[in-house]
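Protein chains: 2
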Amino acid sequence: MGNCLVAQSGGPTAVINASLAGVVRANQLNPVFDRVFGGIHGIEGVLDDKLFDLTELTTREIDILKQTPSSALGTCRYKLKRGNDTDYKRLVEVMDAHDIDVMFYIGGNDSMDTVDALSEWAAANGCAKRFVGIPKTVDNDLVPVDHCPGFPSAAKLACQVTHATRLDYDAYTRPEVFVLETMGRDAGWLAASCCASGDVDLLVLPEVDFDRDAFLAQVQKKMDETGECYIVVSEGAHYANGTYLSAGDTANDGFAHAVLGGAALTLKQMIVDAGIAPRGVVQDLSRAARSSNFAQSLVDVTEAYELGMSAHMHAADGAFTGQVVGVAPRTPEELATGTYNARFFAAPASKFANYVRNFPAEWILSDYQGITDEALAYFRPLIEGEPKLVYENGMPATIKAFNKR
Amino acid sequence: MGNCLVAQSGGPTAVINASLAGVVRANQLNPVFDRVFGGIHGIEGVLDDKLFDLTELTTREIDILKQTPSSALGTCRYKLKRGNDTDYKRLVEVMDAHDIDVMFYIGGNDSMDTVDALSEWAAANGCAKRFVGIPKTVDNDLVPVDHCPGFPSAAKLACQVTHATRLDYDAYTRPEVFVLETMGRDAGWLAASCCASGDVDLLVLPEVDFDRDAFLAQVQKKMDETGECYIVVSEGAHYANGTYLSAGDTANDGFAHAVLGGAALTLKQMIVDAGIAPRGVVQDLSRAARSSNFAQSLVDVTEAYELGMSAHMHAADGAFTGQVVGVAPRTPEELATGTYNARFFAAPASKFANYVRNFPAEWILSDYQGITDEALAYFRPLIEGEPKLVYENGMPATIKAFNKR
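Quick mapping for you: the protein sequence lines, in order, are chains A and B. Residues 1143 to 1547 (the working numbering) make up the first sequence, in order. Residues 1143 to 1547 (the working numbering) make up the second sequence, in order.
Bound conformation, chain A alone (with noise of 0.2 Å):
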C-alpha cells in the first residue's frame, strides 16, 4: 500500500490529538503505510498541499501528544460541500502527487457526512481513493454511539470547576446566585453532565423552552428553602420562538436591556431584576472547557487513542472505505449496573452524518430541577480516571503545534 493522510476538523477537543496519536502509533507497530502525513489546517490545507510527515514521531513525542489539547494539525471551520466536485477532484489530485491512498478524517458531525460523500463519489468516479471517520466533538450529539471522544474529558472539567466554585460560592453568607454556563448550542450534554458533580440546583438545557416564570419560581424557590440557587445553563438555551438567552432577556418587557455576553449573564440579570437576589456571580467555561489537558478523562484519551488505532487496523482491509469508528452504545443493563465496558465498533458514515442527539428528554426532570438517576449512571464512568501527566515548569507538556513549525 502507498500511503495514508490525517486531518482534523472542526473545534478542537481535550483528545482530538489521541487519536492523531493513535493512528502515527498504530502505523509504527504495523506499517501498512509507507508514510503518515497530517494535513495541515483540516481540509483546507490539504487542498492547498500543506502536509507535515508524522511517520517517524518519537515514542516520547507521541507521549507528548496523547496529552497535548486543541488540534496539533491546526483545523479550518472549511467543509467539503456534496457535488463539490472541484474540491474533489483537487483533493485526489493532492492525495495522488503524496501516493496517498487513505484519508483518515477525525471530526464531527459535518465531517463524517464528508466522508460519506467522499467515498460516495470516489465509487462512483472509479477513483480507488478511500475514506475513514474517527469522531470527536465535546457536543456528544452524534449517533449512534455511546459517547464522543473529547466529551468526557470536557465533561470532566465542567464538573470540577461545578465542584470548585460551588464550594467557593458555599463560603460565603450574603445573599447571591451563582451562574455557570458551559457550551453547547444545540444540545445539552456539556451542561447537563456538570450534574454528575452534585452541586447544581436548576439546569437550563437548549431542550427544554425556557419560560422565563417558571424559571424564576424555581429560584425563589431554592433561595426560601437554602439561601442559595446554584444555577448551569447551557449556551444554546432559548425561548419557546428561539431566541437564545444570549440575546438578553427580551421576553418579558419593552425595555431595551442591552445585555451583552452569554446565557448566564442573561440569567444573572433576569434574577436580579427580580428582585430575588441582591447580586449573582457568573463564570463562563467557554472555551477552557473543551481544550484543557490538566483535566483529561483517562476513559476519554484511552479511547480517543485506541479509536484511531483502530481505524487504521480497519484500514488495513483495502475495501474499508465510507466508514466510521466508534463506542457502541451501553446496553440498558450496563446503564443500570454502572458496568462500563467500551465496544468499539465501524459502522457506514451515513449512520454518523447529518442527525444530532439531543440530551434525552425522558433523562431531563422537569422545573429545572436537573437530570434523572439514569443520567447520572451514564455520566459517571465516563469521567473517571485521570492519565499520568508529564510536566514541563510546572504545566502539562505540550507537543509544538505541527502547523506552527
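Wrong hints could be hidden among the right ones.
Where chains are identical, the list cannot tell them apart; a pair therefore holds if satisfied intra-copy or between any two copies.
Unchecked claim - Taking lysine-lysine pairs in the BS3-like style, the calculated list, with each CA pair at most 30 Å apart, reads:
hint : residue 1 : residue 2
1    : Lys-1546  : Lys-1223
2    : Lys-1221  : Lys-1231
3    : Lys-1271  : Lys-1223
4    : Lys-1530  : Lys-1542
5    : Lys-1363  : Lys-1542
6    : Lys-1363  : Lys-1192
7    : Lys-1364  : Lys-1221
8    : Lys-1364  : Lys-1542
9    : Lys-1221  : Lys-1192
10   : Lys-1546  : Lys-1364
11   : Lys-1546  : Lys-1363
12   : Lys-1271  : Lys-1546
13   : Lys-1192  : Lys-1364
In short, the hints are calculated from the structure, not lab data.
Chain B: place on chain A using the hints.
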C-alpha cells in the same frame, strides 16, 4: 494553656484550608491547646458563638482538607473595625466562654490589620488573649512577604488555562483576537503571572493607565505580523481618569455602548469596533481561578500547610501576639539564579496591614508587551510541582465544609 480558635476571612483560595489543616495537625503533634475550635463564617460566626471542634480530625480528613479549595469553615465580609469596642468585648466574651487563649486569623490585608488592632486593644485593656495572623490572598498584594499562600495556585491555574486556550486559538486560521480576563481589582499579579506560560502577546494591568490608541496600535501590529493576538487583562484595568475598562469603552466616543460584563468583553468589542479583527473570543477565569483543586501548586500547598504549623509553633510561646507568619522575600541573587528556598519568618502585623503591594513598575514592559525576565524568574518556581491528589468519582476528593454540617 487553654484552647485556640482558627477562623478564615475574605475571599477563598485553593490552599486556605491547607493552613487550617496545618494548625490542626500541629496541635496533634504537640497538644499545646486542649481544643482547636474553628470559627464558622469567620468573625461573624465567632461573634455569634458558632464554633466547630476540629481537635480530633483524622489524618485522612486532614489530608483531604489540604486538597479542598475554598474556605471549609465558611467566610464573611464582616470587618472588625478599629475602635469597635463592642465587637472586641463580645469576641473576648466568646473566647472566655470556651477557654480560648489564642485566635489564629487566616486572611488578607484587612485581617492582618484586625490582628494588629486586637492585640493592641488587648495590651491596652489588660486582656491576656493573643492574636496571630496567617496570610492568604490570590491578589498577592501583601508586604513584606515574597508572595501570599493562595496566589501560586491561582497563578498555576491561570497559566494552564492560558496555555490550553492559546493552543485552541492557534488551531484556527480565521482572523480573530483572544482576550483572557483574570481577577485582580487593584494589583495585576495574577494577570502578569499568565506570561509565565509563554503564550501572552499583550498584557493589560491595573498598574498602567490604559491608553486606548496605544493599545489598539499594538493589537494592529501583532495582527499584521502574525495574524494573531492573545491578550490578558486584569479585571481592574482602568483609564487614567480611574474609569474601569469593565465599565465599557467610554473614553473614545459619545456613543452609549452599553457594554456589560468585564474588561475582556470591553477590549474585544473595542478591537472589533476599530476594525482590527472581525471577531474575538473572551475567556473570563472569574472564580475558577482562586478555588481550583485541580491545579494546586505543590509549593503553595506545602507552604500554606507549613505556615499554619509555624503559626501554631510560635504561639506555644505565651508572649507571641500581634504577629503574622510569612515567606520571606527572595534575595536578588536567588531571583537572578532561579534558586528557590522558602524561608519562614514572623513579623508584627502592623507591617502587613494597610499596605498594597502592586506589581512592580520595573517588571512591566512598555507598550503592553508583558513582563521582564526577572518577573518571569519570580513566577516560575511558585507554580512548580503538583500534589498527589486523592480522587473520588473522577474528581479530587473534598471534605464537607464545616459550615454546612
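Consistency of the hints with the structure:
1. Only within a single protomer do Lys-1546 and Lys-1223 lie at most 30 Å apart by alpha-carbon distance; the minimum there is 27 Å, versus 56 Å between protomers.
2. Taking the shortest Cα distances, Lys-1221 and Lys-1231 sit within 30 Å of each other inside one copy (15 Å), while across copies they are farther apart (72 Å).
3. Taking the shortest alpha-carbon separations for Lys-1271 and Lys-1223, only the intra-copy value of 18 Å comes in at or below 30 Å, while the best inter-copy value is 78 Å.
4. Within a single copy, Lys-1530 and Lys-1542 get their C-alpha atoms as close as 20 Å, and across copies as close as 27 Å, so both meet the 30 Å cut-off.
5. Taking identical chains as interchangeable, the C-alpha atoms of Lys-1363 and Lys-1542 lie at most 30 Å apart only when they sit on different chains, with a minimum of 24 Å there against 51 Å within one chain.
6. Only between protomers do Lys-1363 and Lys-1192 lie at most 30 Å apart by alpha-carbon distance; the minimum there is 27 Å, versus 58 Å within a single protomer.
7. Taking CA atoms no more than 30 Å apart as the test, Lys-1364 paired with Lys-1221 passes between copies only; the shortest distance there is 28 Å, against 46 Å inside one copy.
8. Taking CA atoms no more than 30 Å apart as the test, Lys-1364 paired with Lys-1542 passes between copies only; the shortest distance there is 20 Å, against 48 Å inside one copy.
9. Within a single copy, Lys-1221 and Lys-1192 get their C-alpha atoms as close as 17 Å, which meets the 30 Å cut-off; across copies the closest is 62 Å, which misses it.
10. In this assembly of identical chains, the alpha carbons of Lys-1546 and Lys-1364 lie at most 30 Å apart only when taken from different copies (16 Å versus 50 Å within one copy).
11. For a Cα distance limit of 30 Å, the shortest separation of Lys-1546 from Lys-1363 across copies, 19 Å, qualifies, whereas the shortest one inside one copy, 52 Å, does not.
12. Taking identical chains as interchangeable, the C-alpha atoms of Lys-1271 and Lys-1546 lie at most 30 Å apart only when both belong to the same chain, with a minimum of 29 Å there against 63 Å between chains.
13. In this assembly of identical chains, the alpha carbons of Lys-1192 and Lys-1364 lie at most 30 Å apart only when taken from different copies (24 Å versus 56 Å within one copy).
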